Structures are given as C-alpha cells and as structure tokens.
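Colleague: So the chains spell out like this:
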Amino acid sequence: MTAVTDTVNAAPPAPASTGTPVRRRTVTPTRVWQLAGPFAVFAILFAVVAILTPGFVGGNGLVVVAQTATATLLVALAQAIVLHVGSIDLSNAAMALFSAILLAKMLGPIGPVAPILAILIVGLVGAVNGWLVAYTQVPSFALTLGMLGILQAASLVVSDSTTVYVEGNGETVTALYENAVAGLPMMFWVAVLLAVLLWALLRFTVVGQSLTAIGLNESGALFAGIRTRPLKVAAFAISGVLAGFAGMMIIAQSGSASSTGLGSDLLLPAIASAIVGGTAITGGITNPINVVFGALTVSLIPIGAAAIGIPPEAQSLVYGLVIIVVVALTTTRGRGVVK
Amino acid sequence: MANPVTQDHRQPAATGTAPVAHRRRFEIRSLGEVGALVVLVVVFGALNPSTFLSVGNLQKVLDQAATPLIVGVGATLVILMGCIDLSVEGVMGAAGMTFILTTLHLRGGVESPTDLGFLSFVLAVLVGAALGAVNGLIHTRLKVPSFIVTLGVWFVGLGIGIILFGTSAQPNLSDAAAQWPTRNLLGLPHSFWLAVVVAVLGVVVTRYTKLGRFAYAIGNNEDIARSNGIPVRRIKLYVFVLAGAFSGLAGILAILQLGQGTPSVGASGAAGSSTLFLTIAAVVIGGTSLAGGRGGILRTVLGVFLLTILNNGLLLAGVDPGYRSGVSGLVLILAIVAAAWPLRSRLRIVK
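Quick note, the sequences are listed as chains C and L, same order. UniProt numbering applies: residue 1 is where the first sequence begins, and numbers increase by one. UniProt numbering applies: residue 1 is where the second sequence begins, and numbers increase by one.
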C-alpha cells in the first residue's frame, strides 16, 4: 500500500519538475524557428531585394521601410495584445486614424497635452471594446466590426470629411519624424521601445503572464482564479493606447490627417504583420519583438517589389502571395484544431 | 454487411432529428430579427411614405440585396464550420474581370452572335471556385488559419483582377446584358431571383445534404467530427470551393450592375459599402455563431435585408453617407449584445 501511494505521490512531481526545464533546455528546430523565423524571413527578403537592386541599401531603402513600418508596427502590436487573449480587434486601425484626426484638431489649441489626450481617448474606446467583449460576452470579431463602422463615422464627423491640417505646435510631434537615431527615424525607435515594453510586460509581470494564461486556456485561467474579465478589458485598453500612438506617428509623418489619407488602410497590413511576426491567432503565443520584424517584412514587400521592378499592376498579387507563403512559414502550429 | 446497416440507422437519425431541433430554435430566436425588420420598415415608411414604400424602391432594395445575399450564402457555410472567408472581394474582382473580358468575345458581337455567351459565366464562376480551392487547400493542408489564408487570397484575387484590368481601355457593357439585373421578372428584378435561387440552394445544402450537416458538425466540434469519421479536410475544401464559386457569381452580378469592369467591384458594391464587412455583419446579425456550429442561411437572409433596408432607409431619410456606417455599426453591436445577453454566464468563453 505504502509503496503504491509513494509511487503515486512521487509520480506527479516528476514530470512537473523535469517538464519545464526539459522544454526550456532542448533546442528543437521548431523552437528556434519560432524564435528566429520572423527575423530570418525579413533578413532573407531584404537580402533578395538588396542583391537585385544594389542601390536599395545605399539609398535610403531601409529608412523608407522603417518609416512605413512605424504606424503598421504600432497597430500590429495593438492587434497582437488582443490576439494574445484570444480575441481580435478590427477597429484598432480606425482608432489610430481617429486619434490622428483628433490630434490634428487639438494640437494647435492645446499643444503638448494633445497627444496625451488623443491617446487616452482611443485608449478609452479600446476599454469600451474590452468591457463589451468581457462583460456582455459578445464575439470580439463582430463587436469590433461594429466599432469600426462607428469610428469611421466619428472620423468623418470630426474631420468634417476633409483633410485636417495641424495648425501650430506641429513640431511637438514632427520631431519624431525629422530626427534620426542610428540612421532610422526616431518614431520607429519609439515604436520598437513600445514593443520591448510590451514584451517585458508579457514576459515578466503577473498581468502579462495572466494574459498569456487567458490566451492559452481561458477556462483554465478562470478556474485558476485569474480575474479574466478585467484583464481582457486591460488588453483592449492597451491595444487602444498603442493605436493612439500609431495615430501620433501618422501626424508626425504627414502633419495632417483625413479619413482617406495616410493610415486609412492599416488594418489588414497590421493583422498580417502580427501573424507574420509569429503571433498565434488562437491566443497565448505572442512575441512583440518578432512583431517588429513582421511589420518590417510586411512594409518591405510593396516597397521592395517596386524597387526590383515588379510592375505596379502585379503589386497586389505579389503582396498576397508573399503574405501567404511567409505566414505558412512562420505561423505557430499547435496540435489543436486550426480554424 | 454490418456497415451499411449501421449507416442506414445513423442516417435517418442524423438528418431526421437535427433539422427539427434546428427549425424550432430558428422560429423562436429569429423573432427579434423579424421584429427589428418590421420596426425598420414601419419607421422608414412613416418618415418617407412616398419614396420608401414605393414599388420602385422595393425593386431597388431587392437589387441591392442580391450581391450580399449570394456572398452571404457562401460566407454562412464557411462560418458554420468555424472558419472565415475574407477573400470575398478579391474573388469578386478576379471573377468579375474574367467575365467582362470574355463575355463580348464569346458572344461574338452583333454581327456574328454565337451561342457561347454562357461560357463566360462558367469561366468566371470557375475562377471563383479555383480561388476557393486555393483557400481550402492551404487552410487544410498547410494548417494555416483560414483568417490569414483568405486574407492573402483577397490580395491575390484583387491582384489577378488588376492584372486582367491592365492598362488598356475597358469594354463597356452598354448592351442589353448590363440591364439584365434590373429587368423585372414577375415584378421583381432578375438579380433578386438569382439570389433567391442561390439562397434556396444554400438552404437545401445546409439542411438536407451531408456537406451541410457535416459543416455544422465540424463547426460544433471539429475533433469529435473527425473522430466520428467525417472527412473534415475534404468537407472544408468543398465548402471553400462552394463559397468561392458563389463569390465569383456575385462578382459577375456586381459587374453587370455596375455596367463596367473594375477589379475593386467588391469594395463598393451596389449598397455602396464593402461587400465583405456588410456580409459578415449580416451573417452575425442574423444570429449565426462565429464560433461555428449554430446558425443558418435564412438567418443570413434576414441579416442582409436588415442592413440593406437600414442603408436604403437612411439614404432616403437624407442621412449623410458618412454617418451610415456608424448607424450600421451601432445596430450590429446592439444586435449581438441583445443576442448574447440571455446566454451570459461567468464560465462562458467567447473569443
């Protein structure tokens, strides 16, 4: 009897204690690819473009890519944090544009407070999304699709259906675009810094680990005593704040905003960036650092394709094909059902 | 010998009980949507009795609803499996351009008319089905989530459309073909009758065929469906092909309604808004679950009419086009919150 209970008692700790270290120690090709895949894909694509058009590197090819990638990256990070809890946000690109329009309106009258206010407002919109998803239990896809429509209308109303130009105090944000660090514009580095912060949040904090738990197994997280609903609201609010930063970058880059101008088609590239960056659409697996390379890759495709002389009418086709191939290469496959 | 017998036993049970339960749920749950539709008609009718309640406007609404209805049948089937098809607009572009570039040649013009005109329809629908097959194959074979595969194929389809569009002048459908959708049969436009045929086909498929029943089963629980011997991958492929073919057909119709070729025919359809988002919103408002397994074609039909009448009524009431997306969005949110309210529970998981 005692022998049996001993083995029974001994059995569970054994896999538990060896399980985690073993998984951390073994370097399987899959894990290496999961970690380095997005970077490798970007490096290879960049190398291909650089070899075919040597002028691309000597010119400011990388600078243009980094400029284009900035807003995409921020919206992609906004998407990644929501994907991380197993939801999706179709409205965050519209949030970015809405905050850009708000910022363009407010920058003149209230100066440096305007960016903070614009970011807070869309952060609040994100929180509303999260609150509705968590507390009324509606599917995030449908809810944020509705919110997308509302934000589009709000943008048109606020901008009066025209282009809103920044009147005064523009230098507060355009400095981000004009100043460069290590050859790349400051705004790109701000986005990268936010990616690193997000990575640290997910990796080292209780909140981050709880968000991961929700994404991997929401019922399990709930039964483990994690307060899943406030955390979902937090994830959506963070998403909104990041979208607000994206809006700020749109203003930094163009000095104006309109419903159809720069940043009006960020939604799909941002989703693609998040997924090319290895974010699992099912939740729980997100590496914000890799999303940086995802955004760079997605921004490189059209720029690189134009540089190597692919005719403009084939751009869309190439874009779609490369996205499919790259995602097929970098997507994180679990054992579970793929929907 | 034992096998056919057990199958015979299972078959009536599967097709016999499921539709009954389904039908009963449909009647109760859809009252809200039918009620909303009635309220909309009454309100807009009261606001603009002369314009909204005219026969001409009814024909216009039915014509506008046709494209989203056809796309909605395919989208519903895909969503029932728990997948999603975002490639709709790309497929419409590719198929629509295929149609317009082949139709004049195949019909042979006024001087030498041929009987080959139907071939351009077949070709365009085949292009749609082929793109659907690409969706299905990459999704099932390479295990890439349908969301991102179909996102990529959206761009691919659009790209094919743009390449077909080329840089030269486009043929204009100025002849009788362009008026086909809006010409009436029994007082209702042809385009609507086409949508009715597709919707009836969709209802038959979802209720009475293996393909449809298996689609529900896969959406409900893919693992259990697989362990019960359902060829999940094959069914998924067929459904994506079917959805692609319907999108292709919708592309032809949209081109005919527009009267000229453009690759972005799906982006600004007859209703003036994105076909994809309109259709998915309609599917969801109808009450089909995005998680799969619950819902049906007729619900989507209701959803399409709800959104089309809403758009049409707002337009006639003089609401600025910019605000219409906001009103549609608000209606979508209210509809899903109302639908989810009775189901709320602390342990319920919704993605």
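Source of the hints: derived by calculation from the structure; they are not laboratory data. Quick caveat: nothing in here was measured; it's all calculated off a predicted structure. Just so you know, even glycine gets a beta-carbon here, dropped at the ideal spot from N, CA and C. Please note: incorrect hints may appear among the correct ones.
To be verified - Just so you have them, the derived chain L footprint on chain C, three or more residues with Cβ under 8 Å: (1) 62–75; (2) 105–114; (3) 120–128; (4) 167–174; (5) 192–198; (6) 241–250.
What the hints assert, rightly or not - Not close to chain C: a few residues of chain L, all C-beta gaps over 12 Å, as computed: (7) T182; (8) H190; (9) Y323.
Colleague: Are the hints correct? Go through all of them and say.
Modeller: Cross-check of the supplied hints:
1. 62–75: With 0 residues in contact (Cβ-Cβ under 8 Å with chain L), the coverage given for the stretch 62–75 of chain C is violated.
2. 105–114: violated (count 0)
3. 120–128: n = 0 at 8 Å, threshold three: violated.
4. 167–174: Violated, because only 0 residues of the stretch 167–174 of chain C bring their Cβ atoms closer than 8 Å to Cβ atoms of chain L.
5. 192–198: violated (count 0)
6. 241–250: violated (count 0)
7. T182: holds (28 Å)
8. H190: holds (30 Å)
9. Y323: The claim breaks: Y323(L) does not keep its Cβ more than 12 Å from every Cβ of chain C (closest is about 5 Å).
Checked against the numbered hints above, the structure breaks hints 1, 2, 3, 4, 5, 6 and 9 and satisfies the rest.
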